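S.K.: In case you want the letters, here they are:
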Amino acid sequence: MDHSDEKKRQDGGRFTLELARKSSDFHEFSPFEDDEGLLQIAFYRSLVSTDKVTHFLLPALQQHRDRLQHPEGIREFLPFAEVTQTDEESEAVTKIMEGFVLLRIRSAGGRYLLANLVNSQSGQRQSNDTENESSVIGPKAGFVENLDTNLHLLRQKLPTPRLIIEALTIGSHSKTQVALVYLEGVTNKEYVQTMRQRLQAFDIEALYDTSQLEEILSDDSNTLFPLFLSTERIDRIVYAITSGQVVVFSNGSPYAMAAPANFLGFFASPEDYYMPWVLGSFFRLIRLLSVMFSIFATPMYVAVMTFHYEVIPESILGPLIQSRIHVPFPPVVEVIFLEITIDLLREAGARLPSKIGQTLGIVGGIVIGEASVQAALSSNILLIIVALSALASFTTPNYKMANTIRLLRFPFVLLSAFWGGLGITAGFLLMMGHLIRLKSLGMPYVVPLYPFRKGNLDDSVIRASYQYSYHRNLFLRPLSGFRYRPRSRKEDRDVE
Amino acid sequence: MSGTVKESNQVSGYFTWFLVHAVQTGIGILNYQQKIVHGAEQDAWVSVLFVGVCMHLVVWMMFRLLRMADGGDILSLHRQLFGPIAGTCASGLLFVYCVLFCAGQIRQYGEILHVWVFPDAPLWQSALIIFAVAGYIVSGGFRVITGICLVCVLIPSLILPTLYFPLQYAHWLNLLPLWNHRLEDYAQSAIHSINLYLGPEFLLFFYPFIKNNTKAQKWAHLAVFHSTVIYMVILVGTFVYFNMQQLRHTVWPSLILSKIIRYTIVERFDYIYIFNWLFVIFPGCCISIWAGARILNQTLKLPKKWALWVTLLVMIVAVLWVRSPVRIERLENIIMLFGGTLTFAYIPLLLVIASAVQAVKRRHTARSD
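Chains as they are written, first to last, in the numbering used here: chain V, 1 to 496; chain D, 1 to 369.
Quick caveat, the hints were computed from the structure, so don't treat them as lab data.
All values derive from a computational prediction rather than experimental measurement.
Possibly wrong hints are sitting among the right ones.
[Claimed, not checked] Coverage of chain V stretches by chain D, computed from C-beta distances (three or more under 8 angstroms per stretch; other residues unrestricted): (1) 40 to 46; (2) 291 to 298.
[Said to hold, decoys possible] Straight-line distance between alpha carbons at most 25 angstroms, and here's what the computed DMTMM-like set of lysine to aspartate or glutamate pairs gives: (3) D:Lys304 / V:Asp219; (4) V:Lys439 / D:Asp70; (5) V:Lys400 / V:Asp343; (6) V:Lys95 / V:Glu18; (7) V:Lys439 / V:Asp220; (8) D:Lys6 / V:Asp220; (9) V:Lys400 / V:Glu370; (10) D:Lys211 / V:Glu190; (11) V:Lys189 / D:Asp70; (12) D:Lys6 / V:Glu190; (13) D:Lys304 / D:Asp70; (14) V:Lys454 / D:Asp120; (15) D:Lys304 / V:Asp220; (16) V:Lys157 / V:Glu18; (17) V:Lys355 / V:Asp66; (18) D:Lys259 / V:Glu271; (19) D:Lys6 / V:Asp219; (20) D:Lys305 / V:Glu76; (21) D:Lys305 / V:Asp343; (22) D:Lys259 / V:Glu310.
For every residue, glycine included, the Cβ atom is placed at its ideal position computed from N, Cα and C.
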């Protein structure tokens with residue numbers, strides 16, 4: 001059965017004009033009736049710019065009506081940049097699918113002339129604001145759903161011939177164009193090669209978004225942690241390319257994906273680089289601390305309230321007990337109820353139209369929070385802890401990592417409900433072991449912490465001054481480690 | 001040779017520091033003061049220091065020994081010196097040692113959990129959760145274990161400064177009079193501090209997994225020195241806080257010591273110590289499980305996955321076997337005897353044998369030339 005399926009799919013790879021004619025948007029006609037249909041034109045109305053057909057193609061043909069006998073003759077006067085010729089019907093149809101217009105002369109038999117009149121710009125959204133990864137300072141423009149536009153945006157930022165863009169096609173039906181981008185002389189060839197191989201090796205029906213590739217191409221597809229960094233910010237991708245990462249774009253997706261990624265990289269926001277380094281480092285530390293808080297706050301509450309209430313001093317224990325005195329559930333049920341509520345609000349906020357979503361989120365949050373305390377479903381103090389840890393989890397600049405952090409607390413809550421502090425410690429060890437095990441394109445995930453790279457700590461937990469971080473992150477094994485010449489101290493004295 | 005290790009599985013030389021130190025520090029730190037005080041009393045620190053110096057000697061011998069092994073570890077050395085059958089038997093004894101080492105750590109930790117935190121929880125639960133996590137980490141290979149060792153050295157180091165709190169109540173005169181004991185007393189204390197220092201002998205197993213391993217010796221010495229300093233600091237801190245009579249009747253002096261630490265939001269700091277101690281015992285468990293699985297894999301040619309399962313199963317049975325505190329005491333003594341013999345008698349003996357064999361071989365080749 002598998003074999004016949006495979007055969008059918010392979011047959012599907014051969015296209016005929018007969019197949020194309022079944023579609024209503026396939027347009028085939030002879031422009032000059034009196035030639036008895038000598039010249040035939042065929043294209044998909046949905047792919048081709050009809051303006052170009054009526055304003056350029058047809059007038060040109062009209063003008064050179066006497067030279068319509070040979071495909072070569074037509075080719076000479078067609079006013080388009082991309083014109084090709086083929087004898088293969090299947091190839092011609094594939095080209096038509098890319099937005100070419102087919103010109104066929106009946107007397108010339110099976111020779112097809114194709115001119116590119118693709119209409120790729122319409123139907124795209126006009127604004128390219130970075131909606132999901134917004135920043136206060138720094139550029140606000142992000143990628144859009146069109147590959148050409150994205151590459152154009154990238155080239156504008158990095159106008160150097162060293163920026164290499166390789167094109168691939170992925171998806172047996174979607175035929176999505178995928179671009180592999182790297183910086184010649186900087187990016188390690190091994191990563192480019194690995195990425196290219198993985199892209200070529202897998203088979204999929206349709207590619208909807210770059211993020212899909214993340215799971216398919218990753219080294220370990222059973223992990224919670226994102227192993228590739230996907231972002232819609234141009235500056236983030238420029239940073240990734242210049243520091244020696246490979247970037248993958250796919251047509252139809254506003255997300256670009258950088259690899260190999262390391263764990264700490266997900267907590268770096270482009271804004272860190274636009275602020276004085278002390279502030280940038282401070283915010284980065286705050287973000288890392290808030291991750292720890294958001295994972296461990298509620299499990300610790302559960303552990304302490306279930307097993308180790310001796311740990312809490314008397315002065316705090318009083319208010320804690322008092323706030324919980326009417327709650328009939330064990331702490332773990334209380335915590336899971338509130339955490340799920342927060343996740344419901346988040347999920348509903350993401351699905352609803354933005355205008356309703358915000359209002360509903362705020363009103364829902366306040367009403368549910370306030371009412372659940374009054375109804376003795378949860379304690380006041382827990383409400384504060386849960387709200388704070390939810391807030392803390394949203395500080396992560398990368399949306400996928402933020403989701404991972406949000407999910408991680410549930411296993412910890414369960415562990416702490418069963419084994420208290422021992423469960424949290426054991427869970428922490430398990431998480432560390434898992435993180436150390438992970439690899440992204442073969443690079444260890446928690447580098448530069450393990451394996452420890454002293455020289456690369458200047459842009460990891462903190463962001464050191466540009467004066468010192470003029471070396472590329474060597475764990476990415478770039479071909480040239482030197483980024484730029486730091487301002488020398490002697491030149492600083494420009495008083496005279 | 002089966003002993004050769006791919007470079008992608010090796011770790012840098014300086015990780016020897018973390019590996020040796022992390023395996024060496026273990027559950028013993030919580031109660032060694034009470035054990036060694038029976039011999040030399042307030043002078044017991046001399047014995048601790050002495051065993052530390054001896055351990056440096058053992059590390060030196062181990063590196064000499066490992067340089068002679070074809071495959072770089074003790075399993076290949078056993079095969080090389082004693083032939084396949086006797087060599088396998090000798091390695092089998094080492095497997096017993098791995099099981100004892102791991103069981104000793106986890107059983108004693110389980111006892112502390114039972115007494116201090118979870119009086120109602122059965123032992124098999126805490127043993128199971130620790131073994132499950134350790135099994136997952138060991139299945140990740142030696143690089144993952146090394147990373148965990150790094151984590152497990154750094155995090156417990158953070159609570160070391162809390163020793164400042166008991167020092168506020170120090171009676172420095174407790175350390176006097178100096179050196180008023182007989183040699184037998186010092187020896188008794190020294191024998192009881194052997195358990196503290198056990199761990200570097202796992203170097204005999206993971207030596208081929210270290211890059212440029214001949215140059216890693218300084219890191220191993222640094223690790224032993226690091227442990228010695230920590231033991232000395234904690235010992236002195238304990239001696240100046242407790243008086244001798246009190247110390248004799250305190251089962252876990254380090255935990256009692258931590259009880260006086262108090263912050264505005266944390267009342268019982270000993271709980272934090274206890275849960276933090278999982279980090280301290282964990283590297284020892286991981287390395288001994290790994291070494292046990294490696295022995296089964298290399299000598300009996302069991303597939304790696306099965307070797308790990310069998311080792312874990314044997315160790316869980318060993319932990320659950322030891323039911324009463326009296327048996328824990330006996331287990332400790334067995335480990336002391338076994339480990340002491342292995343470190344201070346077997347390794348020197350093996351060095352003598354290996355050197356002799358090498359000398360004979362060299363003379364033989366010289367003559368044939």
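S.K.: Take the C-alpha atoms of lysine 259 of chain D and glutamate 310 of chain V, compute the straight-line distance between them, and say whether it is at most 25 angstroms.
M.R.: Roughly 12 angstroms separates the two Cα atoms, so the pair holds.
S.K.: For lysine 259 of chain D and glutamate 271 of chain V, compute the direct alpha-carbon distance and say whether it is at most 25 angstroms.
M.R.: violated, 45 angstroms
S.K.: Within 25 angstroms, alpha carbon to alpha carbon, are lysine 211 of chain D and glutamate 190 of chain V?
M.R.: With Cα atoms ~23 angstroms apart, lysine 211 of chain D and glutamate 190 of chain V stay inside 25 angstroms; holds.
S.K.: Taking only the CA atoms, is the gap from lysine 304 of chain D to aspartate 219 of chain V under or equal to 25 angstroms?
M.R.: Roughly 22 angstroms between the alpha carbons, so the hint for lysine 304 of chain D and aspartate 219 of chain V holds.
S.K.: Can you confirm whether chain D covers the segment 40 to 46 of chain V, using C-beta to C-beta distances below 8 angstroms and requiring at least three such residues?
M.R.: violated (count 0)
S.K.: Are the Cα positions of lysine 400 of chain V and aspartate 343 of chain V separated by 25 angstroms at most?
M.R.: holds, 15 angstroms
S.K.: Could you grab the alpha-carbon distance between lysine 189 of chain V and aspartate 70 of chain D and see if it respects the 25 angstroms cut-off?
M.R.: violated, 36 angstroms
S.K.: Assess, step by step, whether the Cα of lysine 304 of chain D is no farther than 25 angstroms from the Cα of aspartate 220 of chain V, and give holds or violated.
M.R.: Given that 25 angstroms is the threshold and the Cα spacing comes to 21 angstroms, the pair holds.
S.K.: Take a quick look at whether lysine 355 of chain V and aspartate 66 of chain V sit within 25 angstroms of each other, Cα to Cα.
M.R.: violated, 61 angstroms
S.K.: Check whether the Cα positions of lysine 439 of chain V and aspartate 220 of chain V lie no farther apart than 25 angstroms.
M.R.: Measuring from Cα to Cα gives roughly 8 angstroms; hence the hint holds.
S.K.: Checking one constraint from the list: CA of lysine 439 of chain V to CA of aspartate 70 of chain D, max 25 angstroms. Satisfied?
M.R.: violated, 32 angstroms
S.K.: If you draw a straight line from the CA of lysine 95 of chain V to the CA of glutamate 18 of chain V, is it 25 angstroms or shorter?
M.R.: Between lysine 95 of chain V and glutamate 18 of chain V the Cα gap is close to 15 angstroms, so the pair holds against 25 angstroms.
When each numbered hint is compared with the structure, violations occur for hints 1, 2, 4, 9, 11, 14, 16, 17, 18, 20, 21.
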